Amino acid sequence: MRTVFQALASYLLRRPGQLGFAVIGMAVGVAVIVAVDLANESARRAFNASLAAVTGMTTHQIVGGPTGLDEELYIDLRLKGIRSIAPIVEGYVTVGGEVFQLLGIDIFAEGSFRDYRATGNGLDVGGSALGLLIESGGVLMVDRTARKLKLKPGDGFAVEVAGHAHHAVVVHLMDGETTNRGLDRVLIADIAVAQEWLGLVGRLSRIDVRLSGELQDETSVTALAELLPADARLVDAAGRNRATLEMSAGFNTSLTAMSLLALLVGIFLIYNSMSFMVLQRRPMIGVLRALGVTRGQLIAALLTEGLLVAAVGTFLGVLLGVLLGEQLVVLVSRSLNDHYFVVRVTEVSLSQFSIFKGIAAGLLATLIAVSVPAMEAASYAPRLSLARSVVEERAHSLLPWIALTAAFMVLSAVVILVISKVSLVAGFVALFLTIVGAALLVPLIVKIAIPVLSMSAGIMAGLPGRLAVRGISRSLSRTGVAIAALTIAVAEIVGMSVMVGSFRDGVEDWLGNALRSDIYVTAPGPGGSRVERRIDPALVKRLVRVQGVSHYSASRRVWIETVSGRTQLQAVRMAPESYAGFEFLGGDPGTIWPAFDAGEGVLISDPYAYRHGLSRGDSLTLPTIQGERDFTVLAIYRDYDSGQGVVTLSRAAYIKHWQDQAITSLGIYLEPDADNGTVIDALTRTAAGHQALLVSSNQEIREWSLRIFDRTFVITDVLYWLAMIVAFVGVLGAVLALSLERGKELAILRALGMTRLQVASLVAIQCGTMGLLAGLLALPVGMLSGWLLIHVINRRAFGWQIDMTVPGDALVAALAIAILTALLASLYPAWRVTRWAPAATLREE
Amino acid sequence: MISTTSSVSIRIRNLSKSYLEGGKQHPVLREVNAEILRGESVALLGRSGSGKSTLLNLISGIDMPDSGEVEIDGWSVTTMTERDRTLFRRRHIGFIYQFFNLIPTLTVGENLRLVLELNKVEAEDTAARCSALLEAVGLNDRQSSYPDTLSGGEQQRVAIARALVHRPAVVLADEPTGNLDEATANDFWQLLDTLVRPTGGTVLLATHSVAAARRCDRVLELANGKLIAYTDNLE
Chain A
0 MRTVFQALAS
10 YLLRRPGQLG
20 FAVIGMAVGV
30 AVIVAVDLAN
40 ESARRAFNAS
50 LAAVTGMTTH
60 QIVGGPTGLD
70 EELYIDLRLK
80 GIRSIAPIVE
90 GYVTVGGEVF
100 QLLGIDIFAE
110 GSFRDYRATG
120 NGLDVGGSAL
130 GLLIESGGVL
140 MVDRTARKLK
150 LKPGDGFAVE
160 VAGHAHHAVV
170 VHLMDGETTN
180 RGLDRVLIAD
190 IAVAQEWLGL
200 VGRLSRIDVR
210 LSGELQDETS
220 VTALAELLPA
230 DARLVDAAGR
240 NRATLEMSAG
250 FNTSLTAMSL
260 LALLVGIFLI
270 YNSMSFMVLQ
280 RRPMIGVLRA
290 LGVTRGQLIA
300 ALLTEGLLVA
310 AVGTFLGVLL
320 GVLLGEQLVV
330 LVSRSLNDHY
340 FVVRVTEVSL
350 SQFSIFKGIA
360 AGLLATLIAV
370 SVPAMEAASY
380 APRLSLARSV
390 VEERAHSLLP
400 WIALTAAFMV
410 LSAVVILVIS
420 KVSLVAGFVA
430 LFLTIVGAAL
440 LVPLIVKIAI
450 PVLSMSAGIM
460 AGLPGRLAVR
470 GISRSLSRTG
480 VAIAALTIAV
490 AEIVGMSVMV
500 GSFRDGVEDW
510 LGNALRSDIY
520 VTAPGPGGSR
530 VERRIDPALV
540 KRLVRVQGVS
550 HYSASRRVWI
560 ETVSGRTQLQ
570 AVRMAPESYA
580 GFEFLGGDPG
590 TIWPAFDAGE
600 GVLISDPYAY
610 RHGLSRGDSL
620 TLPTIQGERD
630 FTVLAIYRDY
640 DSGQGVVTLS
650 RAAYIKHWQD
660 QAITSLGIYL
670 EPDADNGTVI
680 DALTRTAAGH
690 QALLVSSNQE
700 IREWSLRIFD
710 RTFVITDVLY
720 WLAMIVAFVG
730 VLGAVLALSL
740 ERGKELAILR
750 ALGMTRLQVA
760 SLVAIQCGTM
770 GLLAGLLALP
780 VGMLSGWLLI
790 HVINRRAFGW
800 QIDMTVPGDA
810 LVAALAIAIL
820 TALLASLYPA
830 WRVTRWAPAA
840 TLREE
Chain B
0 MISTTSSVSI
10 RIRNLSKSYL
20 EGGKQHPVLR
30 EVNAEILRGE
40 SVALLGRSGS
50 GKSTLLNLIS
60 GIDMPDSGEV
70 EIDGWSVTTM
80 TERDRTLFRR
90 RHIGFIYQFF
100 NLIPTLTVGE
110 NLRLVLELNK
120 VEAEDTAARC
130 SALLEAVGLN
140 DRQSSYPDTL
150 SGGEQQRVAI
160 ARALVHRPAV
170 VLADEPTGNL
180 DEATANDFWQ
190 LLDTLVRPTG
200 GTVLLATHSV
210 AAARRCDRVL
220 ELANGKLIAY
230 TDNLE
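Protein chains in written order, with numbering that gives the first Met the number 0: chain A, 0 to 844; chain B, 0 to 234.
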């Protein structure tokens, strides 16, 4: 057995180039898996650490409406004997352009909840944080953050909240390396300071509750809940954190799926390399079989060899994945910050599980990729192992079966889609089955297409052209797999281009329709629906009186806690033009708007309706200041603003139910003869000295929105280009293998009088044709996957409903990419064949 | 004895060639000199590994000698650039191999047409020449067949047709009957006589078979890298 293995392995070791391609392909495939997983995992861990640090020992939280709770509730509960509670005021602030979570605490209530250990003296918050009370504007931060902001205890700095600047002083530094990991983006202040800065005087964001041991039973929870007023609710802290994290689940799943797609391309590549390495040794395998090596021994030797190659590739892949992960984590955390929550991922956490997943994926992929050719080689009668034509004949005879398997996979995808309804994972399974099914059809389609292409090549490049093209069909066991790998990679580009293009078109149209005002005035700050983002009421009155302003719309966006999680609420005071900004997905605007204005119900965005299974006419329960109240869904409207969805109601109804008069943003409509720039200057001047508001033109808002949109998809671009690299290596390996295999044929052509350039052109024509075939096949496959991405994946992950558009330029670009990739991959093999001495090749034969 | 007459087709002067194997230079040809006249058929007799194929490769310009010179019809092949050697070979030399070496992805007809296309022969002339030659070798009805559907003898006939279709001045054959049975080998010799003799082409044929060598006008014997016999025939 050892000798059998040695015989097979020494052959490979004499061909380091081929071995190298197999290893590189696997390394890139595994690297993408590891990198995406590490990036996702690091972001998740950073966010979890931040939540854990802020949540501390809290088991439950008392939450209120958009503006939180009356602080009297806390005193009231303490007086009623509830001791394990701590009041919290929290919001987002900006320091030196960076966003921080501001946590206002009552240091005397904090002891049993959180342990903010300070550096040096080892005091807990009770000791070190006394300075918070003594020092006006005093804050605590972790030492790492202070170093980054170049601050030390006693230093003063500016904290900006919704356009207001406040003076803060570093009281103490907390140890960020051990006990306070996760507090990198948190500033801790006394509750009164936080109330003042966030504009929540007399209010609390929540009250943290610690029910320990036997107190956590249902009776205690119910008893506490019964003590609360109508506008307050007791929620499970862990569940609330989970819900926050789940907001980004669709995003993370999508990234993981895309990394798996790169591995899928990698599997094709590994299969191609390994099968080539097996098939190339068929004479040796024939001899070994003739000498009495059993099928089992042969399979075992080939699998062992494959796994050894896989071990090297996987090891390199993990190393590469960690390096790549460091880059991807920046993109992942940027997207999370743009769309979901504030998280600062300072480092890639080397999760053993992520690395294990990468190793398992690499080894499993190799096992699948090697076992097929190994079993095939072992199945030949010993004498047949010698014939190359037998291998190809067999490959050709398998085509109908492969096509049937493909049809079965596509059919399974349809069934899964119909049955699963909303499951995102099932959606991805269906997408994968469709893509793999389509890829399996590639060899059959290539076989059918080659005669036509051969004729065309013959017309254009004569017999050499025909010769090159026919070689593809003749070595279908090799070329078919390479073309399939390239098809998947290019289809991924097409699919993503169709999806992103359609999405972008949809967003652009929607922006054009929804943004009706000439100028927008907003209180700055992170998070569009944060309660602290409000324009001073007195300033609003002055702004709308600025010369050139005709009339205005106003909106308030806040989060409220409902039984089904956090809900984004939007209250609007409509200008006459604003009504046209809502595109209803059904219903008569003529009846909807009067009911809306009369406060008879709410409008819900399409993603909200999808996520909560709501239709027009259904009832939606929202917690108001007077307790829970049912609202009729008057209409569902198209919206691309929030994947979580938005509930919109009239400003009058909002004030009535939540008693919050604040305004988050104003939409200004100009007098017919007013100049945009002049009015923007006047509005900015009016706000100056009071509040640093964001005053932007309609055009600027659109551009900013599209910039955010584009940067969300940077990571997907990176991932599909990685898949292209894998495919490139695949084609390069296949062409190199083919040219090695066709060495004698090429030598004969040289002997017949073909110049080096002509022989190199043959290789290039063959590659170009493979690229053309892959590109042409990728277009329908890509369109289909684009359709699935739009109508299944996007819908299920984010709730968006997008009209599919076909970006013609993207399709042409994809075709060009396929051809160019293949031609690029042909350069080295083409150069190599020009170096061959035909005499040496003929002599070897 | 080296002739300098203008009827010399192939002239070989002091030709040496060695290969590097196992870190050592192994001489294959040592100071080989020969002249082959136009229209002559000459057998290059030698045992396996005696350097016959190497000599054919050097004559055709597929390979380059360590020293010495090869002239064909007055053209010095060994001083040409690689590209010129290729173009020269394309136009003036026809090759026949022991294992036929037909291009498997081209039909019988296309195997012939490829050589004419490379030589930029007009399409009409190409079709006529291919048909005529395939007719002559008895395979005109197999023009559209692929090589792997033909018998060994048929493949060798196609190889002859391919070697002659562009009317080369020199035909080089490397063990052309080594893979054929006696009857089929006889057919080969007849075809060579019928098709090459009338054109006045020169034939240089490498073989290890004395019987095959006897079919030629002259025999050059190669052993240990040298032409050790230079006879008119083996009688």
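Simulated from the structure, these hints should not be mistaken for laboratory data.
Warning: the hint list may mix true and false statements.
Subject to a maximum C-alpha distance of 27 Å in a straight line, what follows is the list of computed DSS-like cross-link-like pairs (lysine-lysine) [said to hold, decoys possible]:
1. A:Lys743 - A:Lys446
2. A:Lys743 - B:Lys23
3. B:Lys23 - B:Lys225
4. B:Lys225 - A:Lys420
5. A:Lys655 - A:Lys540
None of the values given here were measured: they were computed from a predicted structure.
Comparing the hints with the structure gives:
| no. | hint | verdict |
| --- | --- | --- |
| 1 | A:Lys743 - A:Lys446 | holds (24 Å) |
| 2 | A:Lys743 - B:Lys23 | holds (26 Å) |
| 3 | B:Lys23 - B:Lys225 | holds (20 Å) |
| 4 | B:Lys225 - A:Lys420 | violated (84 Å) |
| 5 | A:Lys655 - A:Lys540 | holds (21 Å) |
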